[in-house]
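S.K.: Produce the complete structure using the sequences and hints provided.
2 protein chains.
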Amino acid sequence: MKAAPARHLLAAVAAGALALIAAVAQAADALPSWNHGKAKQSIVGFVKRVTAKGGNDFVPPAERIAVFDNDGTLWAEQPVYFQLAFALDRVKALAPQHPEWKGKEPFASLLKGDVKSALAGGEKALAEIVMETHAGMTTAEFEIIVRDWLATAKHPKTGRPYNSMVYQPMVELLRYLRANGFKTYIVSGGGVEFMRPWVEKAYGIPPEQVVGSTIKTKFEMRDGMPVIMRLAEVDFIDDKEGKPVAINKFIGRRPILAFGNSDGDLQMLQWTAAGGGARFMGLVHHTDAAREWAYDRNSHVGRLDKALDEAQAKGWTVVDMKNDWKIIFPFEKR
Amino acid sequence: MKAAPARHLLAAVAAGALALIAAVAQAADALPSWNHGKAKQSIVGFVKRVTAKGGNDFVPPAERIAVFDNDGTLWAEQPVYFQLAFALDRVKALAPQHPEWKGKEPFASLLKGDVKSALAGGEKALAEIVMETHAGMTTAEFEIIVRDWLATAKHPKTGRPYNSMVYQPMVELLRYLRANGFKTYIVSGGGVEFMRPWVEKAYGIPPEQVVGSTIKTKFEMRDGMPVIMRLAEVDFIDDKEGKPVAINKFIGRRPILAFGNSDGDLQMLQWTAAGGGARFMGLVHHTDAAREWAYDRNSHVGRLDKALDEAQAKGWTVVDMKNDWKIIFPFEKR
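Protein sequences, first through last, are from chains A and B.
Heads up: the first sequence begins at 184 in the numbering used here, then just goes up one per residue.
Heads up: the second sequence begins at 184 in the numbering used here, then just goes up one per residue.
Derived by calculation from the structure, the hints in this document are not laboratory data.
Any given hint might turn out to be false.
Simulated pairs of lysine-lysine, DSSO-like, Cα-Cα distance not exceeding 30 Å [stated by the list, open to error]: (1) A:Lys399 x B:Lys423; (2) A:Lys399 x A:Lys299; (3) A:Lys401 x B:Lys221.
With the Cβ distance kept under 10 Å, some of the chain B side facing chain A (calculated, not the full set) [to be verified]: (4) Phe241; (5) Val242; (6) Ala245; (7) Val375; (8) Val394; (9) Glu403; (10) Lys426; (11) Gln450.
Just the calculated beta-carbon pair ranges, DEER-fashion [what the hints assert, rightly or not]: (12) B:Gly305 x A:Lys285: 50 to 56 Å; (13) A:Arg361 x B:Glu403: 29 to 35 Å; (14) A:Arg480 x B:Lys236: 50 to 56 Å.
By construction, the Cβ of each residue, glycine as well, lies at the ideal position given by its N, Cα and C atoms.
M.R.: Here is the structure:
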């Protein structure tokens with residue numbers, strides 16, 4: 184009469200242990216490209232806390248908003264932002280229709296292959312390049328231009344399509360968050376309509392969850408059919424102080440998780456950190472010169488300086504690409 | 184040996200018939216405040232077509248985007264837009280802090296209760312009222328102001344809180360669409376941050392699915408804590424041509440269903456209609472002077488003229504409030 188309850192107890196304990204092992208294994212499997220370490224632990228620990236029903240840190244699914252920078256956080260950004268590579272390729276493609284560019288900077292330098300001289304004109308030169316290549320067509324036409332470029336352009340270092348250079352560990356993280364009831368958003372300095380054509384396939388993020396920089400657009404009738412024209416005028420730059428502004432405007436809820444990689448993401452991380460309850464702030468630190476690039480405080484692209492100091496001071500999670508990630512890009516998988 | 188299969192066949196037919204009756208009843212039940220008629224038929228027929236797997240008109244859930252105007256489409260808008268009523272109440276509440284208003288239009292007239300004279304100054308007067316009452320505080324402070332107003336203000340005709348004056352049949356429609364895999368959005372000329380505090384409870388529409396007019400905002404640090412300040416400057420007016428522009432910017436997919444009630448919604452309906460595949464364009468026609476208001480072509484609020492002509496010419500669905508709706512407001516329910 185005594186043995187039976189003990190056996191039942193043992194069976195119950197064993198079942199509980201198995202369930203625990205299964206849960207841990209499942210969580211570990213959701214991030215197979217992450218090495219076991221502090222970064223992975225902090226992510227998994229946070230997700231467990233905010234999803235534990237009845238726990239102190241529980242967050243209802245509707246409030247599980249996660250925001251991610253794109254350039255340098257979800258895909259690579261070297262040797263230049265990929266959208267700039269797109270713009271430069273467009274200048275070359277459009278040159279035959281613009282004979283005047285041969286005598287006009289920044290286009291003259293660009294067409295001679297001298298990117299450095301072209302960009303010596305600073306923001307004004309960059310704005311001219313962007314407007315000539317991103318405006319003056321309908322939104323539907325621009326989408327086709329982006330798709331065609333992604334289908335043909337190759338990255339100078341890897342020789343692969345730009346949209347294959349997404350970070351596999353971050354793709355897994357996005358999927359893991361969504362499996363745990365999070366809504367995943369991009370909040371990027373890049374152009375919204377440059378991202379939307381490919382991010383759903385690459386990251387599982389739908390168009391309505393892409394926040395970014397915009398140029399002005401205009402609704403008009405063309406032969407009785409409505410179109411939206413892209414105008415050569417900046418509407419909004421989604422960078423630095425612009426990121427929390429855009430999060431408030433487009434999402435209207437404060438995120439509980441934010442991931443960036445540069446000083447341009449600092450204000451978004453601060454805004455996320457300032458909310459009540461459990462919070463996760465993460466930075467991707469580019470530390471792998473062999474498999475990707477190594478850069479931070481002195482980089483012209485994706486400078487990470489003040490945000491790194493603040494992350495260290497406040498205990499935010501800093502992902503060390505070299506040591507935390509088993510692979511960087513999906514194409515490394517065998 | 185013959186009787187048994189026949190019985191089986193009969194049972195199968197009966198089961199099929201019962202399933203069919205149940206399905207029809209369920210669909211009907213999803214819109215209990217709608218009378219049986221053309222409008223209800225066109226809605227249910229459209230939803231059945233786009234959700235029928237394998238059917239010619241099937242639309243994958245991710246693309247089932249539905250957009251709704253708010254004022255006059257989801258809640259009432261008479262005798263003045265409710266956000267204007269809010270602004271006028273704010274002027275009264277703020278008057279003690281602004282002794283100079285007694286000698287300054289449009290405030291002087293407003294404080295005397297003479298709304299007509301105050302608004303005689305046209306858009307400029309309106310902009311001054313909006314900026315004085317909607318800007319100069321943080322987004323968090325503004326949210327509290329809106330919530331407090333809704334908790335205390337009463338509509339002059341019904342004596343009820345403004346947010347109880349939502350249209351019960353439209354609330355049912357929103358719920359019915361979501362149950363069928365649609366994502367429901369507000370695309371309103373009203374202010375985004377005036378709507379977000381109450382629309383989730385009223386309509387089941389979360390903050391991130393509210394598109395509307397905005398004023399500029401600014402991220403700043405206040406005693407080491409980040410805040411977003413509301414500035415006295417217009418950012419975007421989400422009306423007429425602005426609606427498809429905002430749909431493209433915020434959602435990035437063309438809706439397959441759009442509902443409005445005024446000429447300010449025409450371009451949104453045109454943009455929706457111009458997509459491929461099955462489409463639904465609807466207008467709420469205010470025809471019920473007894474239970475709500477009756478107005479269209481000559482109204483100063485929610486004028487419905489060109490859009491009514493286009494709806495009739497193109498066979499869009501026009502909801503006749505008087506005949507199509509069993510009840511208007513939730514408080515009519517016994």
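S.K.: Against each hint, give a clear statement of whether it holds in the structure.
M.R.: Hint by hint, here is what the structure shows:
no.	hint	verdict
1	A:Lys399 x B:Lys423	holds, 16 Å
2	A:Lys399 x A:Lys299	holds, 28 Å
3	A:Lys401 x B:Lys221	violated, 35 Å
4	Phe241	violated, 18 Å
5	Val242	violated, 14 Å
6	Ala245	holds, 6 Å
7	Val375	holds, 7 Å
8	Val394	holds, 9 Å
9	Glu403	holds, 8 Å
10	Lys426	holds, 8 Å
11	Gln450	holds, 6 Å
12	B:Gly305 x A:Lys285: 50 to 56 Å	holds, 51 Å
13	A:Arg361 x B:Glu403: 29 to 35 Å	holds, 33 Å
14	A:Arg480 x B:Lys236: 50 to 56 Å	holds, 55 Å
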